[in-house]
Amino acid sequence: MATSKVEGSSSLRHAFGGVLSVFILLLIGVVAFSIRLFSVIKYESVIHEFDPYFNYRVTQFLSKNGIYDFWNWFDDRTWYPLGRVIGGTVYPGLTLTAGTMWKLANSLNIPLSVETVCVFTAPIFSAFAAWATYLLTKEVKGPGAGITAAAILAMVPSYISRSVAGSYDNEAVAIFALIFTFYLYIKTLNTGSLFYATLNSLAYFYMVCSWGGYTFIINLIPMHVLLCIVTGRYSSRLYIAYAPLVVLGTLLAALVPVVGFNAVMTSEHFGSFLVFIIIHVVALVYYIKGILTPRLFKVATTLVLTVGIAVCAVVVAILVALVASSPTKGWSGRSLSLLDPTYASKYIPIIASVSEHQPPTWPSYFMDINVLAFLVPAGIVACFLPLSDASSFAVLYLVTSVYFSGVMVRLMLVLAPAACIMSGIALSEAFGVLTRSMKFHITKYFECSHTEAPAKLGESTSTESSAPLENMTKSDTTEKPEVARKEKVARRKQKKEKELTENAHVKPVSAKKEKRPLVLPLEASIVSVFLLIVLGGLYVLHCVWAAAEAYSAPSIVLTSHSHDGLHVFDDFREAYAWLRHNTEVDDKVASWWDYGYQTTAMANRTVIVDNNTWNNTHIATVGTAMSSPEKAAWEIFNSLDVKYVLVVFGGLVGYPSDDINKFLWMVRIGGGVFPHIKEADYLKDGQYRVDAQATHTMLNCLMYKLSYYRFVETDGKGFDRVRRYEIGKKHFKLTHFEEVFTTHHWMVRIYKLKPQKNRIRGKSRKSKLGSKSTSSKSGGMTHKNPWN
Amino acid sequence: MICFRLQQIFSYHEREREGFRAFAVSLSIDSNSTFTPIDHRSDGMDRRLQFAFVLLCLGLLSSTARSDLVVSKAERLVDLNSHIVRVLSKLKVENEGPDDVSEVLLALPDAQAKNLAAIRTFYSDGKLGFVLPTEPIEPKGMPSDVTYYSIALPKKLGKGKTVSLDVLSIFTRSLKPFPEEITQAESQLVVYTDNMYYTSPYPVKYQSLVFRLPGRVESYTKYPKVELVKSELRYGPFEMQPAFSYSPVVVHFENNNPFAVANELVREIEISHWGNVRVTEQYTISHGGASLKNGFSRIEYQARPYMRGASSFRVLIAKLPARAHSVYYRDEIGNISTSHLWGDSQRTQLEIEPRFPIFGGWKTTFTIGYSLPLHDFLFEADGGKRVLNMTFGCPLDEVLVEKHIVKVVLPEGSKDITVATLFPTKQSEDVKYSHLDILGRPVVVLEKDNVVPEHNLYFQVYYKFNNISLLSEPMMLIVGIFLLFVACIVYMHTDLAISKTSSSYLEKLQWEEVQATVQHIKNIFDQYLAAHDKLESSLRDLSRSGDVQSCKAARKAADAQFKELAKELKPLLTFLQSCSQASSILPKIEELVTKEKEMQEKEMAKHTTVVDCFEKKLGGKDIESRIASQQQKLTSLKQEVESLLDSISEI
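Chains as they are written, first to last, in the numbering used here: chain A, 5 to 792; chain B, 47 to 697.
What the hints contain is simulated information worked out from the structure, not anything from laboratory work.
These figures come from a predicted structure and were not determined experimentally.
Treat the hints with care, since some could be wrong.
The list that follows gives simulated cross-link-like pairs (lysine-lysine, DSBU-like), each with its CA atoms no further than 30 Å apart [claimed, not checked]:
#1 733/A <-> 339/B
#2 734/A <-> 339/B
#3 46/A <-> 365/B
#4 207/B <-> 186/B
Can you make the complete structure from the sequences, with help from the hints?
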């Protein structure tokens with residue numbers, strides 16, 4: 005072979021590989037974006053679920069009034085009469101991101117509505133997250149693994165569930181921020197560059213802006229640093245990667261109003277400061293070790309140790325005393341329920357009442373990460389061959405996130421990137437091994453067909469290195485990471501062109517083959533490659549199915565397929581549109597807190613409680629009202645200035661997540677604050693039921709009455725299609741409430757509080773009674789109404 | 047222009063109520079055809095006025111200014127089927143005076159005139175029909191509580207001649223719900239008040255009045271000459287009534303037809319010269335009838351058809367132009383799924399259902415949008431102008447639009463914009479920025495209050511536009527992306543270091559130099575390997591052909607090349623040794639050099655052995671056994687060299 009050809013082909017291969025990988029990454033971005041559009045295509049371009057409506061509303065406010073008004077925004081449309089300081093209680097990252105995107109588009113005269121930008125923010129950031137995964141995995145195990153991991157992450161169902169178009173929630177940008185922060189940390193760790201360390205702090209800042217899950221970062225990175233120190237991997241690079249992050253990152257985090265001084269005050273952050281101290285001590289020790297003779301060093305060690313331990317003990321004792329003096333030990337409720345999975349169900353029913361805070365079931369692992377669950381162990385093994393700083397971080401990330409995902413379903417989302425990285429590494433390593441041995445066999449075959457002599461030559465080589473795995477391990481460990489990376493380039497190319505390898509690629513490659521031949525039999529490797537491809541294909545099928553069927557429903561529009569075609573249940577918006585157009589602007593609407601965000605955003609009416617469950621007492625008040633008899637409930641609502649009460653009722657069409665099914669939480673939360681609500685009064689044989697066996701209290705509470713008012717007239721029996729039995733009390737009248745609107749499928753029912761009864765009878769008693777009635781009313785309220 | 051007229055006529059035909067249809071068939075429109083502007087004088091005059099009227103009439107009986115005209119016959123047909131009241135008055139006017147008369151006056155009590163949405167006079171002389179200009183005027187010496195309209199006759203009316211005029215006047219908000227609040231189960235009753243006699247400044251010889259009603263009549267003004275036949279209430283005939291005769295007539299009847307009122311309609315028509323007209327209509331619809339009391343009960347609405355809420359309306363039908371596509375129907379919180387679309391070559395019909403049935407006093411908002419092919423609506427006009435020809439009104443059936451705003455967004459760069467409408471509108475101009483605009487698109491804003499379906503006439507927007515401007519936006523994009531790439535190239539190829547003497551910068555430079563050197567060394571080694579390959583292939587040739595001489599020549603050439611390469615390599619190596627930054631690679635390169643040397647030796651040795659063997663004419667097997675060990679070492683060496691090369695190439 006000609007010299008020039010060899011040389012040309014290798015540089016061409018590099019250039020080609022670069023272009024190809026850029027192209028592949030672009031395609032991965034496109035896949036990540038487009039797989040999330042099922043919701044727009046199957047339904048419509050609309051904001052989904054509950055929290056996204058709040059974010060959408062905040063973004064609308066931001067785009068209309070500007071950033072300064074946003075920081076100072078006191079929202080009087082919610083938590084009436086308390087209100088909420090939005091600017092200080094919201095993670096602004098998502099809103100600011102979408103607001104900026106909107107502003108940018110509009111400054112270029114591209115007329116996008118705020119809603120459109122919000123709907124597509126999550127898919128766009130999923131593409132970014134896929135690219136960030138590529139960068140992170142590339143730092144850990146080379147570009148081949150990077151591209152595989154990026155492709156896997158682009159369509160991992162767990163992440164899709166939180167980032168389909170319209171799912172405009174914090175997680176949409178936070179996962180990108182999380183991965184990117186980790187990438188910059190690893191990059192700094194690998195290069196020891198202060199530039200990247202600064203970028204890392206900024207990325208961390210963005211993460212703090214975006215999501216409360218930033219505490220995961222600020223605990224995971226210190227854990228890794230500690231791990232490195234303990235295993236004797238301390239280096240100046242580690243110091244540069246960590247120390248600036250803590251200092252700059254904490255300063256920046258404190259700038260976010262919702263975090264503020266929590267960045268230094270709460271226990272979630274203490275770990276990072278502790279490790280910050282430790283790394284300085286270690287750095288000092290290494291420095292002193294460098295300037296002292298071994299003997300002197302030993303003396304110094306004993307001296308410092310005795311004094312140091314004493315000081316440390318005192319400091320720790322003070323800290324413990326301080327922390328222990330606070331009731332929650334300085335931890336927020338959600339963090340505590342992470343550390344102690346049973347905490348929430350014991351003490352904070354409001355956290356426990358959210359389904360996404362429950363521990364996941366095994367099928368949900370299969371649903372959300374599918375085949376990755378099987379690839380992850382292989383990835384861990386690959387990370388240990390060899391174990392570098394970066395790969396140890398990946399392993400640590402995986403292990404911690406597996407734990408967290410086991411506590412809360414929601415945190416499956418944090419596990420997903422880790423699983424993708426591990427699977428990417430595993431797949432890429434497997435393909436590397438298999439294709440290399442395939443290529444070896446094929447070149448051998450190729451040379452055989454030409455001359456006999458080199459055939460023997462090849463054979464001898466293969467016998468020489470017939471201990472494949474050990475050989476590979478050894479050479480891998482001895483070589484520098486650069487070498488490994490170079491290999492990955494080649495491997496990635498091989499992987500991407502694995503179909504081509506057999507025919508077209510043989511000729512140019514044959515010059516430089518049998519580097520470290522691994523003797524897996526040809527047939528075995530072909531079969532394995534084939535199986536891996538099938539596995540990948542199954543994964544893709546599952547992801548597309550999950551994206552199209554499982555995770556695309558916007559939940560405000562429901563559809564069902566019946567014999568006469570698609571049936572659309574658009575009752576929520578029907579009710580909100582009615583409220584928006586046919587009630588007074590300042591009317592207050594009471595409902596269970598799930599519908600608070602939607603009511604403020606879609607109906608533009610003031611609500612009593614909403615999904616930002618910051619005031620437990622207030623929620624308990626509404627819960628109490630819902631579980632009280634009509635008169636008491638009327639008094640509570642009237643004292644809260646409520647004009648309309650909204651209940652969600654699924655009994656007619658069989659919509660299971662209605663208020664009757666959520667009723668146990670209303671009772672529990674209400675009873676937690678106002679002891680006259682006793683859960684036992686509502687239970688029959690330990691169960692909530694509304695059929696003939698239900699308790700008297702249950703059949704007379706407001707929620708029952710508002711849900712089933714005149715329900716019996718639909719079919720004559722009052723058969724509830726969710727609970728699958730006939731209701732207990734069929735015919736009753738409302739005395740203090742009046743039905744004003746019920747949607748087409750009865751899913752939302754709105755009632756109006758009747759005005760106060762005129763109690764004045766005779767003219768002579770008018771003046772006397774007039775004053776008396778008000779006083780007796782307030783007197784009565786102190787008795788029944790917890791609000792006074 | 048002809049074609050527009052025809053379309054206008056067509057639209058008349060479309061819009062006429064059945065009762066008047068026959069009437070318009072034979073019409074053609076004169077060049078000065080126009081609509082009468084409607085004058086809303088909200089002077090608070092209401093029914094109190096009626097009293098004043100009666101008095102007035104008595105006083106005026108003898109003193110009418112133009113008493114030489116006489117209405118010989120006046121037949122009035124009042125259509126009360128929808129909430130828009132249409133009154134068709136068929137007049138026969140006779141000139142009894144000596145002078146020729148060129149205008150005829152119409153009179154409307156102010157109480158009615160303030161509700162007047164449109165007035166139109168049709169005139170027919172045998173074959174052709176005309177629409178005559180009907181203008182409000184304020185004649186002197188006439189009673190002041192009456193609004194006058196003057197009809198300009200096409201030719202003067204001579205003595206004793208008669209002319210037939212058909213006057214169509216359309217009133218809005220003339221049906222008052224009574225009672226004003228009803229429950230869901232009740233049907234809606236409304237009251238209509240009118241003058242039993244034809245209000246005219248001229249004496250009326252013969253007249254009659256017919257009310258066409260949609261349903262049950264609750265009560266009506268009793269009078270000797272009245273009869274109720276099916277759905278028609280007939281008063282008259284009355285003979286020889288003086289000018290300004292007045293006698294109130296009140297009809298209280300059931301009307302459950304939808305009282306759909308659009309409080310505001312913004313129609314935006316955006317023209318794209320790429321072949322599309324996009325129409326966006328934003329409605330605020332409310333129910334103008336009796337308001338609902340006691341809440342809305344779904345169970346009664348669904349389960350008991352007779353209590354369905356007869357007064358409410360659930361469906362609205364929009365008649366869109368033919369070939370309308372990309373139709374959407376949504377509101378501020380998303381798509382509304384309850385709509386149906388039909389279409390044929392003549393028209394497209396969109397049936398929309400608001401999110402909830404609209405009861406009295408209820409309100410909702412929504413947006414309809416659709417696209418139309420440009421060539422159906424845009425034409426070339428004289429003087430290089432283009433003309434857009436679109437209908438003005440609202441495409442919904444029987445909807446009264448209280449505030450109608452039409453915005454025509456012309457493409458960026460349009461000039462000399464003029465608008466032609468058949469009725470007066472408030473015009474203003476605006477600019478809209480959209481889709482990468484720099485100058486913005488000129489917008490013509492037309493505003494009109496109280497628009498009824500009869501206003502659904504064509505209007506024209508004339509403007510000049512150069513087709514070249516179409517390319518400006520794509521060009522801008524192309525240039526923008528091109529500049530981005532240029533910027534990238536410039537960035538990659540320029541040295542942006544601020545301090546050219548800083549140590550890090552120098553280091554970087556040196557590092558680049560080292561890289562170049564290493565690349566060079568790599569090339570040299572590739573050549574080495576190629577030379578080895580050549581030697582090997584010469585050996586193979588030897589085994590095939592037995593040509594020892596050529597084999598020796600190959601070796602000589604290889605020797606020479608090796609020496610040359612060694613010479614070339616030397617300065618590079620010394621440079622690397624002197625360079626501090628190369629220290630990390632240097633050991634590898636040195637290893638490479640020694641390995642290669644070793645390989646050279648082995649290769650030479652092997653070559654010599656093989657050649658010797660051939661010269662000694664030894665058998666193939668023999669040769670193989672002799673070189674076997676060498677071969678083995680050689681391959682392993684070669685492999686090492688190659689892997690070293692690979693590792694070096696990736697720095």
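Which numbered hints fail: none
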